[in-house]
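Q: The whole structure should be built from the sequences, with the hints applied where relevant.
Protein chains in written order, with the working numbering: chain A, 1 to 241; chain L, 1 to 196; chain G, 1 to 490.
None of these hints come from the bench; they were simulated from the model. Quantities reported herein were computed from a predicted structural model and do not represent experimental measurements. Wrong hints could be hidden among the right ones.
Taking lysine-lysine pairs in the DSS-like style, the calculated list, with each CA pair at most 25 Å apart, reads [said to hold, decoys possible]:
no., chain 1, residue 1, chain 2, residue 2
1, L, Lys65, L, Lys188
2, G, Lys353, L, Lys184
3, G, Lys289, G, Lys253
4, L, Lys192, G, Lys330
5, A, Lys151, G, Lys381
6, A, Lys151, G, Lys315
7, L, Lys188, L, Lys112
8, G, Lys319, A, Lys172
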Amino acid sequence: MEFNVISKRTPLWIDPRTKFAMLIFIGIFSFTIPTPPIAIEVLVLSMPLIFILAYGMISTVIKSSIVFATLIFIQVFITPNVTSGYGIFILSIFGIIRMFFPIGVTAILLIRTTTVSEFLSAFRKLHLPDAFIIPISVMFRFIPTITEEWKSISSAMRFRGIGVSPQNILTKPMLTLEYMLVPLLMSTSTISEELAAASLSRGLDIGIKRTSIKEVYLGIIDYIVLCFMFGLSIAMGVGII
Amino acid sequence: MNGKTNKLKVKDLIVTGAFAALYVVLLLVVVSFLGFIPITYILVPFLVPIILGPVYMMYTMKVPKFGAIIILSAIVGLITSMGGVWYALLWSLIIGTIAEFIARMGNYKSQKMYVASFSVFACTIIGPFLMAIFAKSVFLQSCAKYYGQGYANKLDALTPPWIIFVFIGMSLVGGFVGANFGKKLLRKHFDKAGIR
Amino acid sequence: MIDIKNVNFAYEKSDSSKNCLKNINLTIEKGEFVVLCGKSGCGKTSITRLINGLIPHFHEGILTGEVTVNGNNICNSSLSQISRLVGSVFQNPRSQFFNVDTTSELAFGCENLAMPVNDIIERVSKSTEVFKLHNLINRSIFELSGGEKQRIACASVYATLPEVFLLDEPSSNLDSVSIENLKDVLKILKDMGKTIIISEHRLYYLRDLANRFIYMENGSIYGEYSRKEMSELCSEDLAKKGLRTLNLNHISKKACENKAQNINFNFEKVICRRGKKDVLNISKLQIPKGEIVGIIGKNGAGKSTFVSCFSGVLKHKGKIFFDGKECKGKSRLLRSYMVMQDVNHQLFCESVKEELELNVTEDRKVNISKILEEMNLQKYKDVHPLSLSGGEKQRVAIGSAICSGKELLFYDEPTSGLDFTGMNITCSMIKQANEKALLSMVITHDLEFLLRCCTSVLHIEDGVVKEYYSLEEAASIAKVKKYFILKEEI
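A: Next up, the structure:
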C-alpha cells in the first residue's frame with residue numbers, strides 16, 4: 001500500500017467507487033469469458049491501463065503489456081501444439097494466469113493510486129457503517145506502526161539470542177513464536193489504548209455527524225467510464241458470447 | 001459513569017483496527033514466507049492459524065462484544081480477496097458470522113467457546129483457495145470449448161474437488177491448536193501481569 | 001476556568017492504594033500557565049485526565065468530588081463536548097495520530113466537530129501559519145521526526161481553538177532543538193491568552209513560562225510554588241523532591257573514575273548506506289576501552305545507525321578494530337547488548353528472575369540474587385515484568401544487560417520519562433555494568449544524566465562524527481553544555 005502517495009489529482013482522476021466498479025466488472029468479465037477474443041480483452045484491459053498511465057506509472061504499464069503479450073503468445077502459438085500430460089498442465093497454468101490478469105491489473109490501479117483518505121471517503125459515501133470504517137481507517141494507520149515496533153522487537157530478540165533465525169525456528173519454534181508474540185501483542189494493546197484515548201479526547205465518536213475535507217466525488221470521467229462498462233456489458237450479453 | 005454496555009464503542013473500534021492490523025500483517029508476512037517453499041505452501045491452512053491464534057484470543061478478550069468477530073472477518077476477507085476476487089470476502093463473512101455466534105453461545109466469556117470460534121474463523125484463510133476452485137470450473141468450460149473435452153478431462157483429474165475439504169480440515173485443526181496456544185499464552189503472560 | 005473540588009479517584013484496575021488521587025483541590029484561572037510536577041507515579045498525569053475528561057469517561061474507576069471546566073461539569077458532559085474546551089497533546093507521538101497524512105490530521109479535530117469544510121480549510125491554514133508548518137503539510141506522518149510530529153499534534157489541537165491546552169510530558173521524546181521549538185509554541189499560546197497545563201519531568205524549558213508549579217506526591221498536592229519560589233530552590237531541594245533541574249547551567253559535573261587505557265576501538269571508513277544516501281560516514285575514529293560514551297546529536301543525525309552498525313545489527317562497509325585486531329560484525333553482535341528506548345520491546349519472560357536468567361550461562365547463576373538486591377527488585381523476583389512500572393521495567397532491562405555479561409553495552413535514551421531518582425539509579429546501574437564491559441555507549445538528550453554518567457562525548461551530526469572528546473576538563477564540559485543550552489540564559 002502506498003502510504004506515501006498523496007493524491008495527485010491528475011486530469012484523469014477517478015473516484016475510488018468507479019475503480020471498485022471496474023474491478024467488479026472485470027471480475028465478472030474474466031469469470032464468464034475465461035478466454036475471450038484477444039481484441040475484446042485488449043479493449044477491456046485498456047481501461048485500467050489508461051488510468052495507470054495517467055498517474056505516471058509508466059513502467060507498470062510497460063511491464064503489464066509485456067506480460068500480457070507473452071501470455072497471448074503462449075496461448076495462441078504454443079498451446080495447440082502440445083499434447084503431453086505435463087505440458088498441458090503447465091500451459092493451463094498460464095491459461096489461468098491469463099484469466100486473472102485483467103483483475104490483477106485493475107487491483108494494482110485500485111491499490112496503488114488511491115490514498116487512504118480517498119478510500120475512507122468512498123466508504124462513507126457508500127454508506128458503510130462507522131463500525132466498519134473506523135477499524136479500517138485505524139488499520140491503515142497502524143500497519144506502519146506495527147512494522148516499526150517489530151523492527152525494534154526483533155532487534156532486541158537478536159541481542160538476546162532468541163531472534164527469528166532459521167536455527168531458532170527449527171529447534172524451538174513455539175518458544176520463538178511466544179517470544180515474538182508477547183511484545184507484539186503488548187505493543188498493539190498499549191498503543192491502541194493510547195490512540196483511543198487521544199482520539200476520543202479530540203472528539204471522535206460514532207453516530208455523530210462528521211465532515212471531511214477530502215471528499216471524493218463522481219465527475220465526468222467517472223460517468224464516461226461507467227457508461228463504457230455498461231455498454232460493454234450489454235454488448236457481451238447480446239452479441240459476443 | 002456509563003454502565004458497561006454491550007455495544008461497540010469508539011474505543012472498541014480503534015482496538016479492533018489495531019488488532020486487525022496485527023492479524024493482517026502477520027497473515028500476509030507468514031503466507032508470503034511459507035508460500036515460497038512448496039512443502040510449506042500446502043501446509044498454510046494448518047500453520048498460519050497456529051500463529052494467528054494468540055492474536056485472535058487477545059483481541060476477543062479485549063473486545064468481548066457482538067460484532068467484533070464479524071468486523072474482523074470483513075477486514076480479513078477484504079484483504080484475502082486481494083482487491084479482486086470477491087468470493088473470498090463473501091466466504092470470510094459467512095465464516096465470521098458463524099464464529100461470532102459460537103462466541104455468543106459462550107456469552108462472550110467462555111474461553112472454550114472462543115477456542116471453538118477461532119477453529120472456525122481460521123477457515124477464512126481458505127478464501128483465496130476457494131477462488132481457485134471457482135476459477136477452475138469456469139476455466140475448464142472454456143478449455144473444453146477451445147481444446148476439446150479430452151484436454152479438459154485430463155486437467156480435471158489433476159485437481160480433485162475434495163481438496164477443499166482437506167483444507168477446511170487443516171484450518172479447523174490448526175485453529176484449534178492456535179487458539180489453545182493463545183489461551184495458554186494469555187494466561188501465562190497477560191493474566192499474570194494483570195493486564196486485561 | 002478550571003475548578004477541581006475535593007476529588008478522590010481510584011483506578012478500577014489498580015490493586016492497593018497505589019495510583020490514585022486523594023483529596024485534590026485545585027483552581028486554575030483563565031490564561032494561567034501551570035506546571036504539574038513530581039516523582040513518577042505521583043498523580044500528575046491523572047490530574048490532566050480529570051481536566052480533559054478521560055477520567056471518568058475513558059479510565060474506569062471510582063470518582064468523588066467535582067470537576068468543572070469553564071462552568072461545565074466534566075461528569076455530565078461527553079468527551080466530544082469537552083474536546084471543544086480542552087485540547088490535549090500526549091506524550092508519545094506514535095500513538096497520537098489517527099490519520100496517515102499531516103493535512104488530514106490537522107483537520108481531524110475540526111472534522112469531528114462537524115465544522116463546514118471551508119471553515120476547516122481556513123483553520124488548517126491558520127494553524128500552518130502560526131506553527132510554521134509549511135514544509136510539513138501534505139506529507140505522510142510516518143516520515144516525520146518526533147519533534148515534527150509533536151508540532152503537528154499541537155497545531156492539530158490548536159485548529160479547534162480550545163480555551164485550555166493540556167500537555168502530558170510533551171518533551172519526553174524530543175531533542176534539545178525540538179524542545180526549544182516546543183517552548184516557542186507554548187509562548188505563542190500563552191500570549192494568546194490560552195490556559196495551559198503541563199505535566200512534566202523536564203522542567204528547565206518551562207522555567208520562564210510557568211506562573212505556578214504544583215508539586216505532587218503520592219496522589220496528593222503537596223505544594224505550590226510561584227516561578228520565583230521555584231527558581232530559588234537549590235539542587236538539593238529539587239533532588240529530594242525527585243525533580244529534575246530547572247536550570248541547565250546549574251548542573252555540575254560529578255567526578256567520574258578515569259581508567260587510563262591504551263587499548264582502543266578504531267573505526268576506519270565505516271560507511272552505511274540506505275538507498276542512495278550515505279546515512280553514516282566515519283572515516284576515522286578512536287574510542288578508548290572502558291569509557292561510557294554519551295552519543296549526542298539531533299534526531300535523525302545517525303546516532304541510532306551508528307549504534308546499530310557498531311553492535312553488528314546493521315551491515316556496513318569499512319572495518320572496526322579492537323586492540324589492533326579486526327572485529328567483524330557477527331562477532332560484535334555476539335558480544336553486544338542493547339537496551340532499547342521502549343522497554344516493552346525487550347521483556348519476554350514470565351518473571352523478573354527468568355528475564356535476568358535468559359542470557360546467563362551456567363557459571364554466572366550466583367550473581368542474580370545480588371543484582372536483584374542492588375536494583376531494589378528483590379521483592380519482584382517472581383513477578384511478571386510487564387506488571388511493573390516504567391522505571392522498574394527499565395531496571396530489569398539494564399539488569400538483564402548486566403547479567404548477560406556482554407562486553408559491548410548500548411543504551412538508547414534510557415532516561416526519557418524518568419524522574420530524578422530514576423535517572424540516578426539508571427546512572428549507577430550503567431556505571432556498574434560498565435565495570436565488567438569493554439565499552440558502554442548511551443544515546444541521550446538528557447544533559448543532567450550525561451554529566452552524571454558519561455566519561456566522554458561523541459557528537460554525530462548528519463551521519464558524520466563532528467567531535468569526540470572526553471569529559472574530564474572544564475572546557476569540554478562547557479562545550480557539551482553549550483550544545484544543549486541553545487539560548488543564553490542567566
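Q: A separate judgement is required for each hint: does it hold in the structure or not?
A: Do the hints match the structure? See the list:
no., hint, verdict
1, Lys65/L to Lys188/L, "24 Å, holds"
2, Lys353/G to Lys184/L, "20 Å, holds"
3, Lys289/G to Lys253/G, "21 Å, holds"
4, Lys192/L to Lys330/G, "36 Å, violated"
5, Lys151/A to Lys381/G, "29 Å, violated"
6, Lys151/A to Lys315/G, "15 Å, holds"
7, Lys188/L to Lys112/L, "17 Å, holds"
8, Lys319/G to Lys172/A, "34 Å, violated"
When each numbered hint is compared with the structure, violations occur for hints 4, 5, 8.
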